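*Asks:* Sequence order for the protein chains is A and B.
Using my numbering, read the first sequence as starting at 1119 and increasing by one per residue.
Using my numbering, read the second sequence as starting at 11 and increasing by one per residue.
Keep in mind the hints are simulated off the structure, nothing from the lab.
One or more of the hints may lead you astray.
Cβ pair distances, simulated, as ranges [said to hold, decoys possible]: (1) B:I47 to A:V1164: 37 to 43 Å; (2) B:G185 to A:R1229: 19 to 25 Å; (3) B:R68 to A:I1165: 36 to 42 Å; (4) B:G48 to A:S1141: 37 to 43 Å; (5) B:E121 to A:T1182: 39 to 45 Å; (6) B:G120 to A:V1164: 31 to 37 Å; (7) A:A1235 to B:P161: 30 to 36 Å; (8) B:R77 to A:D1162: 47 to 53 Å; (9) B:D21 to A:S1193: 37 to 43 Å; (10) B:E149 to A:Q1237: 36 to 42 Å; (11) B:G48 to A:A1235: 30 to 36 Å; (12) B:E121 to A:S1193: 53 to 59 Å; (13) B:G120 to A:S1141: 52 to 58 Å.
Derived contacts from chain A toward chain B, CB cut-off under 8 Å, selection only [said to hold, decoys possible]: (14) G1163; (15) I1165; (16) V1203; (17) Q1204; (18) D1205; (19) K1221; (20) A1233; (21) A1235.
Calculated pairs, EDC-like style, for lysine to aspartate or glutamate (alpha carbon to alpha carbon, straight line, at most 16 Å) [unchecked claim]: (22) A:K1209 to B:E45; (23) A:K1186 to A:E1212; (24) A:K1209 to B:D71; (25) A:K1188 to A:D1162; (26) A:K1188 to A:D1226; (27) A:K1208 to B:E45; (28) A:K1186 to A:E1155; (29) A:K1186 to A:D1205; (30) A:K1208 to B:E50; (31) A:K1209 to B:E49; (32) A:K1210 to B:E117.
Note that the coordinates shown come from a computational prediction; the quantities given were computed from them, not determined experimentally.
We treat Cβ as the ideally placed atom computed from N, Cα and C, and that holds for glycine.
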Amino acid sequence: MTTVLIVDDSRLARDMVGSVMSSLRPNWTILSAAGGEEALSKVDGVIPVVAIVDYNMPGMDGLTLSSKLKEQFPSLTIGILTANVQDALKKKAEALGCRFIPKPITSDKIREFLASAGQ
Amino acid sequence: MTHHDDRFTLDADEADAIAELFNIGMGQAAASLSEMIGEEVQLSVPSLTVSSRARIARDLDPEEAARVCAVRGAFSGPFTGEAMLIFPERGTLALVGRLVPVEPGTEAPGELEQDVLTEIGNIILNGCLASLSNLVESELAGALPGYSAGPPAELIGAADDPVLFVRIDVALASGDAQGQVLFLLDIASLDSFREAIRRAVANL
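Using the sequences provided together with the hints, build the complete structure.
*Replies:* And the structure:
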């Protein structure tokens, strides 16, 4: 079973990423969460192959969540989802080994991300 | 007129969609500002409420003490209203100081500082409106934003009529400039806004 983790505080954004993922990878299991804490509790006992994580979320932001996920799953490929592609953010994301997926979400961007993740 | 008229009720999905559109729009605008000043610009998650100008001003300045600088402009299209970038005077000087030298000891923004803030406001507000306009695939005409300064109540107004209020807090990473971007949307335009959101969601 291949699992993708989707974390975004916006239901719209989660649904959109989810629907693109299920059209691109119909056999994958989608695990979605509205925030960092929920995501961490949901991956207990599951090993996702990729994670798509919103940056700007209430409470834990996407980079903090990503560093926690990386501690738990060092080989996990994480895409940080944001319209706010600033150099400072880019550097922090790169330091964690994360990629960027610029919002708004499109099927092509997700496809490209999966290819770069070797999935 | 009550604030709980059906016309003003957004369901959870509509509210979520509006917040996400503003999140994307402001994200792109903040990236432009960050590039301009060479520093990280932090944004809060957008908050969305039905409020009134009187209440918004009160919430921003409960002590009625602060003088703020604002760059604001009206916009119209599938939704109409007013966009504002607001910084306290001190924060304005810190922000403007990233682009032009500000004399030490300056208390209030002078003509040059006002011009620079207006340009920053222009980039942020029009950048955000341009992204929104692209997302909903219809034109949003924006007036050129203008500068004003004073207590929030004077700038925002004291009307009790309901407005749909979107607020995003903006801060420089170094912590010396913290302000807000406010969008006050006319409730009368909510139906066309809903229609625009439906189109945006269908297109994404």
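*Asks:* Going through the numbered hints above, which ones does this structure break? Give me the numbers in ascending order.
*Replies:* Hints 2, 3, 6, 7, 14, 15, 20, 21, 24, 26, 29 and 32 not satisfied by this model.
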